[in-house]
Amino acid sequence: MAQHTLSVLVENSPGVLARVSSLFSRRGYNIDSLAVGPTEDPQVSRMTIVLNLEGHALDQVSAQLFKLVNVIGTQEITEKSAHQRELLLIKVAGTSADITPALAGITAEVVDEREGVCIIQAVASARDLAEMVKRLGKFGIKELVQSGSIALELGAKTLAEQTAIETGLATSESHQQTQDYQN
Amino acid sequence: MSEQITGAQSLVRSLEHAGVDVMFGIPGGAILPAYDPIYDSKIRHILVRHEQGAGHAATGYAQVTGKVGVCIATSGPGATNLVTPLADAHMDSVPMVAITGQVPGPAIGTDAFQEADIRGVTMPITKHNYLITDPLDIPKAISEAFYIAGSGRPGPVLVDISKDALQKMTTFDFPMRAELRGYRPQVEPDSKSIRDAAALIAESTKPVFYIGGGVIKANAAKELLKLAEVVGAPVVTTLMARGAFPDSHPQHLGMPGMHGTVAAVTALQKADLLITLGARFDDRVTGKLSTFAVNAKIIHADIDPAEIGKNRYADVPIIGDLAPIMRALASAVEQEFKKRKPDLTTWWRQMNSLRSTYPLGYNEPSDGSLSPQYVIERIGQITGPDAIYVAGVGQHQMWASQFIKYEKPRTWLNSGGLGTMGYAVPAAMGAKVGAPDTPVWAIDGDGCFQMTNQELVTCALNNIPVKVAIINNESLGMVRQWQTLFYKERYSNTDLHSKRIPDFAKLAEAMGCVGLRCESKGDVDRIIKEANAINDAPVVVDFSVHRDAMVWPMVAAGTSNDDIMIAKEMAPDWDSQEL
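Read top to bottom, the protein sequences are chains A and B.
Under our numbering, residues 297 to 479 are what the first sequence spells out, in order.
Under our numbering, residues 10 to 588 are what the second sequence spells out, in order.
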């Protein structure tokens with residue numbers, strides 16, 4: 297099983313999340329996490345999908361995704377080429393003073409403390425977050441919530457530009473007149 | 010201020026702008042506002058008896074004309090009755106637009122009367138779908154729906170419109186060009202893949218054209234003929250591609266797959282190169298995938314990039330419309346052949362030997378009863394290759410594919426991917442509406458016929474004189490064949506008793522058709538000619554046939570194409586073949 301991250305630009309239209317998740321379920325692709333949210337373009341949302349592939353080529357997943365009318369483009373994100381982070385909120389028994397030393401070296405802070413518990417917020421890579429959760433185990437983890445991964449490619453090029461090149465901009469042939477609809 | 014019209018008027022005007030001339034449907038509560046302007050429209054609306062009939066009729070119409078077929082239904086059960094034809098059209102890449110009424114916007118999500126989330130239901134079985142609750146969005150959605158359905162790899166698009174959106178006042182502005190950021194089918198192939206493909210063809214000594222239904226969808230039969238003759242390789246046409254290449258052509262080895270000819274199946278298995286055009290390596294063609302054409306390199310041309318590498322790795326993928334692909338490939342191959350032209354003599358000797366040793370055939374029943382294959386063969390021979398043949402699903406479908414000779418595209422319709430029993434009668438109705446001057450024969454089974462025959466009432470009332478041959482073996486024949494072969498002849502629930510009940514000829518008469526009966530070989534020609542001579546009413550002929558006839562050859566499900574059987578427990582004599 298190999299883990300991959302796909303960045304997917306989708307039209308911000310109703311049902312698009314259902315279409316993507318229905319595709320994954322129907323084709324038997326396993327999603328580890330999926331994060332969806334707004335982008336610089338109000339008409340476009342960006343999904344970051346982390347998936348485990350067994351017996352399916354990533355090309356095939358991308359092609360099936362791109363086949364959805366509302367999907368504008370897809371791109372694989374690799375660790376080297378992108379900055380990738382997840383958000384973790386965790387509720388731990390103990391005081392801030394007890395817990396803080398355990399967070400050394402991790403970008404995390406205690407954001408609330410009351411009734412004998414602390415909420416810690418951390419933004420880090422999945423690996424670092426797993427390490428932090430391990431360290432906090434000894435305090436007694438009461439609740440934990442973690443977002444899907446989001447990522448941005450390094451450098452000046454954007455996903456929107458890249459997918460426009462990769463998939464070929466509309467040619468005169470592909471944009472037919474209405475008269476041709478019926479042919 | 011622009012003219013104010015209702016959403017319903019906007020819908021009907023949009024359909025007119027999209028070039029719709031006929032649609033099949035049934036009104037009901039939520040779609041009712043649309044039926045008022047339909048009353049005044051120049052679009053012919055054919056009132057069917059069941060929404061499934063509307064859907065398959067739209068498919069039949071689309072398959073024959075190449076246009077987008079249209080069906081229309083109300084919310085809830087009306088819409089869910091379209092699910093089977095939508096799934097069918099999706100599997101067979103048929104351009105179709107389905108319009109459904111939805112409960113009023115404020116009622117959506119409240120489990121209102123006749124509410125079904127048809128957009129959610131049909132997401133995995135449509136190319137795309139819409140839920141429209143604002144009348145202003147109707148023209149854009151219809152414009153996009155027709156563009157998406159008919160372009161690229163065709164498929165069904167559903168537009169669900171809430172009742173209040175149909176009732177409200179709106180303005181009309183139909184976008185003549187659909188602008189879709191995420192939908193840009195690639196039409197022109199890239200030249201490198203064409204060069205690579207031509208180079209592979211020039212190296213191959215055992216090439217085979219593996220032709221799928223995409224060639225028919227692309228209206229590219231002429232281009233295929235040219236390319237095939239330039240290359241000189243054997244051609245096989247899948248169930249969806251029958252008619253894409255003339256059966257009479259000497260390069261044609263017939264249909265591959267589970268019930269393909271020995272020559273076609275073996276050609277794929279022994280090839281060193283498959284020139285795959287608009288086909289998708291379906292399990293019914295490949296048999297056990299890991300043993301399929303193990304020595305072959307693959308050229309795979311398709312307009313849908315997601316088909317590339319889905320089931321079988323492609324050495325040379327070519328994305329685009331098959332017509333320009335085949336034109337470019339033919340000239341690239343001509344150039345390559347000037348440098349080097351492979352010798353296919355040995356390959357053709359092997360294929361010709363298989364073809365002459367193992368032609369398609371059948372044994373007449375020993376008890377003197379009527380042979381189903383003979384009936385179907387005679388219908389094809391007497392009616393000829395200009396007619397349209399529409400099959401249901403099962404043994405009769407396979408025999409209609411094997412024993413009717415197809416010379417032209419769009420003369421053979423069937424439910425290939427989904428395998429929808431009951432497809433034939435409504436699809437034949439749609440085909441006849443699309444080609445009113447062409448004889449249309451539905452070759453149906455007694456099981457299939459009992460699923461959708463109510464549309465013969467529609468045919469009788471609307472002057473749609475289709476002809477239906479019921480190949481009546483009083484059983485679910487294909488299932489029975491599997492029970493014979495794999496379940497120790499334990500015929501669990503496959504006996505339909507349909508030589509006793511119903512009386513098909515009387516049923517036909519009751520539905521306003523001419524009902525005929527045929528029980529002996531001597532009457533077959535006369536009755537087919539009698540049916541062909543009737544053009545003012547639908548005709549149903551109940552051919553009472555032998556129930557134990559089986560479809561051969563056969564590659565059992567899940568086994569290798571190498572294990573093809575030509576009769577029960579009888580494999581071809583491979584030792585006598587030079588392969």
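Careful, some of the hints might be misleading.
Said to hold, decoys possible - With beta-carbon atoms standing in for the labels, derived distance ranges:
hint, chain 1, residue 1, chain 2, residue 2, range
1, B, 115, A, 318, 19 to 29 Å
2, B, 494, A, 421, 28 to 38 Å
3, A, 427, B, 204, 46 to 56 Å
4, A, 324, B, 500, 28 to 38 Å
5, A, 338, B, 115, 25 to 35 Å
6, A, 324, B, 499, 46 to 56 Å
7, B, 201, A, 298, 25 to 35 Å
Stated by the list, open to error - In silico contact screen, one side only, chain B against chain A (beta carbon under 7 Å); selected entries:
hint, residue
8, 137
9, 190
10, 191
11, 192
12, 279
13, 314
14, 315
15, 318
16, 323
17, 494
Quick caveat, the hints were computed from the structure, so don't treat them as lab data.
None of these values were measured; they are calculated from a predicted model.
Even glycine gets a Cβ: it sits at the ideal position worked out from N, Cα and C.
Hint residue 315 (chain B) vs chain A: min CB-CB distance below 7 Å?
4 Å, holds
How does the Cβ-Cβ distance of residue 338 (chain A) and residue 115 (chain B) compare with 25 to 35 Å: does it lie in that range?
With Cβ atoms ~26 Å apart, the hint holds.
Interface hint outcome for residue 191 (chain B) [beta carbon to chain A under 7 Å]
Nearest chain A Cβ about 4 Å off; hint holds.
The hint names residue 279 (chain B) as touching chain A; please verify it with the least Cβ-Cβ distance against 7 Å.
27 Å, violated
Mind checking the CB of residue 323 (chain B) against every CB in chain A and telling me if the closest is under 7 Å?
11 Å, violated
If you take the shortest Cβ to Cβ gap from residue 318 (chain B) to chain A, is it below 7 Å?
6 Å, holds
Tell me if residue 190 (chain B) is really an interface residue toward chain A, meaning its C-beta lies closer than 7 Å to one of theirs.
5 Å, holds
Could you tell me whether the CB distance from residue 201 (chain B) to residue 298 (chain A) stays inside 25 to 35 Å?
Since residue 201 (chain B) and residue 298 (chain A) have Cβ atoms about 29 Å apart, the given range 25 to 35 Å holds.
With 7 Å as the cut and Cβ atoms as the points, is residue 192 (chain B) at the interface with chain A?
5 Å, holds
Residue 324 (chain A) and residue 500 (chain B), beta-carbon distance inside 28 to 38 Å?
Once the Cβ atoms are compared, 35 Å apart, the range 28 to 38 Å for residue 500 (chain B) and residue 324 (chain A) holds.
Outcome for the supplied range 28 to 38 Å, where the beta carbon pair is residue 494 (chain B) and residue 421 (chain A):
Roughly 57 Å apart at Cβ, these two residues miss the hinted range, so it is violated.
Could you check if residue 314 (chain B) really has its C-beta closer than 7 Å to a C-beta on chain A?
5 Å, holds
Consistency with the previously given hints fails for numbers 2, 6, 12, 16 and 17, ordered from lowest to highest.
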